[in-house]
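Student: One line per chain: the protein sequences are X and H, in this order. Residue numbering for the first sequence follows numbering that gives the first Met the number 0, starting at 0 and increasing by one per position. Residue numbering for the second sequence follows numbering that gives the first Met the number 0, starting at 0 and increasing by one per position.
Worth flagging that the hints you see were computed from the coordinates, not collected in a lab. If you're wondering where the values come from, they're calculated on a predicted model, not measured in any experiment. Be a bit skeptical, because a hint or two may be false.
Claimed, not checked - According to the in silico footprint, chain H covers these stretches of chain X (three or more CB under 8 Å from chain H):
| no. | stretch |
| --- | --- |
| 1 | 35-49 |
| 2 | 94-101 |
To be verified - Computed far set for chain H versus chain X, every beta-carbon distance over 10 Å:
| no. | residue |
| --- | --- |
| 3 | Glu150 |
| 4 | Glu202 |
| 5 | Gln226 |
| 6 | Val246 |
| 7 | Ala425 |
| 8 | Gln454 |
| 9 | Gly493 |
| 10 | Gly599 |
| 11 | Pro632 |
| 12 | Thr639 |
Unchecked claim - Computed spacing ranges between beta-carbons, pair by pair:
| no. | chain 1 | residue 1 | chain 2 | residue 2 | range |
| --- | --- | --- | --- | --- | --- |
| 13 | H | Asp79 | X | Asp14 | 41 to 51 Å |
| 14 | X | Asp67 | H | Gln21 | 25 to 35 Å |
| 15 | X | Met0 | H | Glu130 | 17 to 27 Å |
| 16 | H | Ala147 | X | Gln151 | 32 to 42 Å |
Think of the CB as a built atom: it goes at the ideal place given N, C-alpha and C, for glycine as much as any other residue.
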Amino acid sequence: MTRINLTVDGAKVADDVEPRMLLVQYLREKLGKTGTVIGCDTSNCGACTVHLDGTSVKSCNVLAVQADGAEVTTIEGLAQDGELHQVQESFRECHGLQCGFCTPGMIMQSVDLLKNNPNPSEQEIRVGLEGNLCRCTGYHNIVKSVQHAASQGGAQ
Amino acid sequence: MTAVQETPTAEIGKDRRRKEDQRLITGRTRWTDNITLPGMVHLAMVRSPFAHAKITNIETSAALASPNVVRVITGADVADEQGSLPNAWPITPDQKAPAHPPIAVDRVVFAGEIVAVIVARSAAEARDAAELVDIDYEELPAALELKAAAEATPENGGALAHPELGTNKSAFWKFDSAEAGTGGNVDEAIAKAREGGVVLEREYRQQRLIPAFMEPRSTVVDPTGEQITMWAATQIPHILKFLLAAVTGVSEAKIRVIAPDVGGGFGGKLQTTPEEFITFLVARKLGKPVKYTETRSESLMAAHHGRDQWQKLTIAAEKDGTVTGLKVELLADLGSHVSLIGGGVPVLGAFMFNAIYKFPAYQFNCQTVLTNKTWTDAYRGAGRPEATFGIERIMDDLAAELGVDPFELREKNWIKHEEFPFTTVAGLEYDSGNYEAATANAKAMFGYDELRAEQARRRESGDKVQLGIGISTFTEMCGLAPSRVLGSLDYGAGGWEHASVRMLPTGKVEVLTGASAHGQGHETAFSQIVADRLGVAFEDVEVLHGDTQVAHKGLDTYGSRSLVVGGEAIVKAADKVIDKAKVIAAHLLEASEDDVEFSGGRFTVKGTDQGLAMAEIALATFAAHNLPDGVEPSLDSDATFDPVNFNYPHGTHLCAMEVDTETGQVTMRKYAACDDIGNIINPLIVEGQLHGGLVQGIAQALWEEAVYDDAGTLVTGSFVDYLLPTSADTISFDLDHTTSPATTNTLGTKGVGEAGTIASTPAVVNAVVDALRQFGVQDVRMPCTPERVWKAINDARGGEKAETVGAAAPHFDASTGMEGTTDRTTGGHA
Numbered sequence: 000m001t002r003i004n005l006t007v008d009g010a011k012v013a014d015d016v017e018p019r020m021l022l023v024q025y026l027r028e029k030l031g032k033t034g035t036v037i038g039c040d041t042s043n044c045g046a047c048t049v050h051l052d053g054t055s056v057k058s059c060n061v062l063a064v065q066a067d068g069a070e071v072t073t074i075e076g077l078a079q080d081g082e083l084h085q086v087q088e089s090f091r092e093c094h095g096l097q098c099g100f101c102t103p104g105m106i107m108q109s110v111d112l113l114k115n116n117p118n119p120s121e122q123e124i125r126v127g128l129e130g131n132l133c134r135c136t137g138y139h140n141i142v143k144s145v146q147h148a149a150s151q152g153g154a155q
Numbered sequence: 000m001t002a003v004q005e006t007p008t009a010e011i012g013k014d015r016r017r018k019e020d021q022r023l024i025t026g027r028t029r030w031t032d033n034i035t036l037p038g039m040v041h042l043a044m045v046r047s048p049f050a051h052a053k054i055t056n057i058e059t060s061a062a063l064a065s066p067n068v069v070r071v072i073t074g075a076d077v078a079d080e081q082g083s084l085p086n087a088w089p090i091t092p093d094q095k096a097p098a099h100p101p102i103a104v105d106r107v108v109f110a111g112e113i114v115a116v117i118v119a120r121s122a123a124e125a126r127d128a129a130e131l132v133d134i135d136y137e138e139l140p141a142a143l144e145l146k147a148a149a150e151a152t153p154e155n156g157g158a159l160a161h162p163e164l165g166t167n168k169s170a171f172w173k174f175d176s177a178e179a180g181t182g183g184n185v186d187e188a189i190a191k192a193r194e195g196g197v198v199l200e201r202e203y204r205q206q207r208l209i210p211a212f213m214e215p216r217s218t219v220v221d222p223t224g225e226q227i228t229m230w231a232a233t234q235i236p237h238i239l240k241f242l243l244a245a246v247t248g249v250s251e252a253k254i255r256v257i258a259p260d261v262g263g264g265f266g267g268k269l270q271t272t273p274e275e276f277i278t279f280l281v282a283r284k285l286g287k288p289v290k291y292t293e294t295r296s297e298s299l300m301a302a303h304h305g306r307d308q309w310q311k312l313t314i315a316a317e318k319d320g321t322v323t324g325l326k327v328e329l330l331a332d333l334g335s336h337v338s339l340i341g342g343g344v345p346v347l348g349a350f351m352f353n354a355i356y357k358f359p360a361y362q363f364n365c366q367t368v369l370t371n372k373t374w375t376d377a378y379r380g381a382g383r384p385e386a387t388f389g390i391e392r393i394m395d396d397l398a399a400e401l402g403v404d405p406f407e408l409r410e411k412n413w414i415k416h417e418e419f420p421f422t423t424v425a426g427l428e429y430d431s432g433n434y435e436a437a438t439a440n441a442k443a444m445f446g447y448d449e450l451r452a453e454q455a456r457r458r459e460s461g462d463k464v465q466l467g468i469g470i471s472t473f474t475e476m477c478g479l480a481p482s483r484v485l486g487s488l489d490y491g492a493g494g495w496e497h498a499s500v501r502m503l504p505t506g507k508v509e510v511l512t513g514a515s516a517h518g519q520g521h522e523t524a525f526s527q528i529v530a531d532r533l534g535v536a537f538e539d540v541e542v543l544h545g546d547t548q549v550a551h552k553g554l555d556t557y558g559s560r561s562l563v564v565g566g567e568a569i570v571k572a573a574d575k576v577i578d579k580a581k582v583i584a585a586h587l588l589e590a591s592e593d594d595v596e597f598s599g600g601r602f603t604v605k606g607t608d609q610g611l612a613m614a615e616i617a618l619a620t621f622a623a624h625n626l627p628d629g630v631e632p633s634l635d636s637d638a639t640f641d642p643v644n645f646n647y648p649h650g651t652h653l654c655a656m657e658v659d660t661e662t663g664q665v666t667m668r669k670y671a672a673c674d675d676i677g678n679i680i681n682p683l684i685v686e687g688q689l690h691g692g693l694v695q696g697i698a699q700a701l702w703e704e705a706v707y708d709d710a711g712t713l714v715t716g717s718f719v720d721y722l723l724p725t726s727a728d729t730i731s732f733d734l735d736h737t738t739s740p741a742t743t744n745t746l747g748t749k750g751v752g753e754a755g756t757i758a759s760t761p762a763v764v765n766a767v768v769d770a771l772r773q774f775g776v777q778d779v780r781m782p783c784t785p786e787r788v789w790k791a792i793n794d795a796r797g798g799e800k801a802e803t804v805g806a807a808a809p810h811f812d813a814s815t816g817m818e819g820t821t822d823r824t825t826g827g828h829a
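All chains, please: the whole structure from these sequences, using the hints.
Tutor: Right, dumping it as structure tokens:
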């Protein structure tokens, strides 16, 4: 067991974890942050995407011990004081989700994409979300959601 | 209730944003795997690496000794109590269906079958221990390739998936229009066309697909308390409850099934799984809550697959293009078992090969075949995409043969809008439709004539990138289904749906539906329907579903049935509420019932300004201080609706593909579709259903295939190898709709859940083939990978067939300097 200290969605947490424990397992099993989900075991689907020190990562591809000392933001910590992040708002506005399973990862990746490129073209959005799979929407409305968020200043 | 129909519709047709989204976009979700209960233990499955083998020994002691392992269970341990997984649709009385134990006992019949179960205090420890189970297998010949499996007999020494059955053939199912009295004799039509008309014979391949819902399947069973509660990532909580009882002998009244948030299904969660039965069994044995969540690799390997058919079509026509007959001969791969409705899936296509056309003679033959691969069952469209693909491909081929525009051929043969209702050669009555209108609309949206002109220019100039245009004018039968029809097809259940509408004292409304959503937006669309019907606010309607103790009755969600069957049950229950409320309203208003009208949520007395709102009646009913004599103090109402017919959405889909003739790369240029799904409740949700459906159908055409190696191992067993499309692979679509209201439900609606998937596959392949016909290419097998397209071009041109040896040269070899980069242009090593 290894001791780790980190900040998750604004709260300081500390735990003893097995060195092999993945960050996503830590979030779900130790912290009950079940908003972040696991969709595959080969880091293809991106459903588990969170922000690690402000950058999107697939949390199935990071060991919990690697997050020691870091700041993690999950889908549960994205809204501030009950106010949705613009990207969350835009996904609802543009029907960018159906079953909602890929949505946490898709939103976290979209936030990161807009941070790096506040006014992306359709193609830049499509390439920027390539690492996140969705089986429901055919991506059409996800692309629209990100475009909508960009038009509303979603990079903030 | 004419008064209600006169009410201006405020909600229906509005693009309401979804009620369910707030939770989903903030991570406030309840997926089955999120559920943790006190004392809960976890399962891991030990699965067979062999497609077909005898189990000769299982050594579990090392696994048992592993930290925090509670128990190890083998098939032999529970052989007498585990039961056999159900087949709900034996398509013929003599269908051969092997027993289907959740844990294999002495023989495994596909790679991925469960052989032993580890119970441990954590999922990780269970998986660690699963590695320690030592199993001896004696390999048996595996029946793998579908055509070979169909031919195998004990005499010819072909591999049998289940040697005790003496054959791999499960059932033969036939429909013949002459025998059914719905049309002429197809063999006569074909013979006649061979004399003076045109006969086309084609064989198409429907490759094996994997539904690949994003949420891996998960089951939690809590046996503490009086009821045994199962949470499951399922589309069918009610059917699961019934079958758990039927198979295990536990009283149905002691079982509660909850489908909490379910992350997609697409037919893939229309199943009662070994994993569900095992979790149920272990929980009962231990008296403790048990959880099992599959990995993605397990999901791809052991959750059911779809499609997998060989389709032989023979079409007969006169020289002017009038089709005179269609004969279909299918081979359908069931995989290792006849699963819940696996045998029936191809039969769902039996009535659809004639599609939108007025064929005078039709015959459908289907042989289902057992093999040593993962079993197949429903995948989005289930039988209808296969049928639509076959007919729309051969209609394009026939047009090419006759040298006419594919639209001209279709128009010559399709049902004209003034001919509805129309009874088809397969015996179905299509209630409404307008193929001309949808086609005109789609062609305009697509820019059909301009793209044809561009295609001609590129052909003329010999552009290395050629353009192809693909057409699919589809219809489908959905809204499953009239119970009597299902009975006549030997299906094990009915096709009704149930709803309850409960009026709460505060004027809020609870709607219970047996149709359980997993992404379709039922909460939103059903709220819109009820808001209009009862004249209450959209926000005041709460839709409850997916828990057999809350919505106690239902037949669940599949076959594009939720709105057209489940929605109609809600309408009928709401109308009963109004009827009950009217009696009380008349009493309170001191008026005759005949003088009371209901409109916009208010009961008013004709010719006066007196009235009471629905919410006021609800409160007065709750208080029950002043009700008419003999009237019960409740407005709550139930309805169970059994449809009188299927439901027939249709549409015209057009696809333009660019094909690089040098590399075989195909790129989608444009996709336009005009669907007619009758009246639309929520256009936003409808578009979403179409987008997602389109991409699943396009993915069959271009990317997806479940591939097995010669030993029967699934080699596309992860998302690295099974090619789900990404946002970067796909394009945005142009959609529109025409409206021919259904005549068989109050709201005039038609199903849309499967439409996109059913329609899009042939449009894409037709486009690829259209680009290549000039080179003599007739067909490209799906998925149309660059390799296949390139080979089709070069084979058709008559060259390079056997010249690809060099590509198989070892990449990391001494002869290439271990660099993996060698010049193979001459076909060998540099």
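Student: It remains to establish, for every hint, whether it holds in the given structure.
Tutor: Checked hints:
1. Coverage of the stretch 35-49 of chain X by chain H holds [criterion: at least 3 residues with CB-CB distance below 8 Å; count 10].
2. Counting residues of the stretch 94-101 of chain X whose beta carbon lies closer than 8 Å to any beta carbon of chain H gives 7, which reaches the threshold of three, so the coverage claim holds.
3. The non-interface label for Glu150(H) is consistent with chain X: the shortest C-beta to C-beta separation is roughly 36 Å, beyond 10 Å.
4. With a minimum CB-CB distance of about 30 Å to chain X, Glu202(H) clears the 10 Å threshold, and the non-interface call stands.
5. No Cβ of chain X comes within 10 Å of the Cβ of Gln226(H); the nearest lies about 24 Å off, and the non-interface call holds.
6. The Cβ of Val246(H) sits about 28 Å from the closest Cβ of chain X, beyond the 10 Å cut-off, so the non-interface label holds.
7. The claim that Ala425(H) is not at the interface with chain X holds, since no C-beta of that chain comes within 10 Å of its own (minimum 30 Å).
8. Residue-level check passed: Gln454(H) sits 25 Å from the nearest beta carbon of chain X, beyond 10 Å.
9. The beta carbon of Gly493(H) is kept farther than 10 Å from every beta carbon of chain X, the shortest such distance being approximately 27 Å.
10. The claim that Gly599(H) is not at the interface with chain X holds, since no C-beta of that chain comes within 10 Å of its own (minimum 28 Å).
11. Residue placement check: Pro632(H) keeps its beta carbon more than 10 Å from all beta carbons of chain X (closest about 39 Å).
12. Distance check on Thr639(H): its Cβ is at least 27 Å (rounded) from any Cβ of chain X, clearing the 10 Å threshold; non-interface status holds.
13. Look at Asp79(H) against Asp14(X): about 45 Å separates their beta carbons, and that is inside 41 to 51 Å.
14. Asp67(X) and Gln21(H) have their C-beta atoms about 34 Å apart, which keeps the hinted 25 to 35 Å range intact.
15. The hinted window of 17 to 27 Å between Met0(X) and Glu130(H) holds, with their beta carbons roughly 22 Å apart.
16. In this structure, Ala147(H) and Gln151(X) break the distance hint of 32 to 42 Å, their C-beta atoms being roughly 59 Å apart.
When held up to the earlier numbered hints, the structure conflicts with hint 16 and nothing else.
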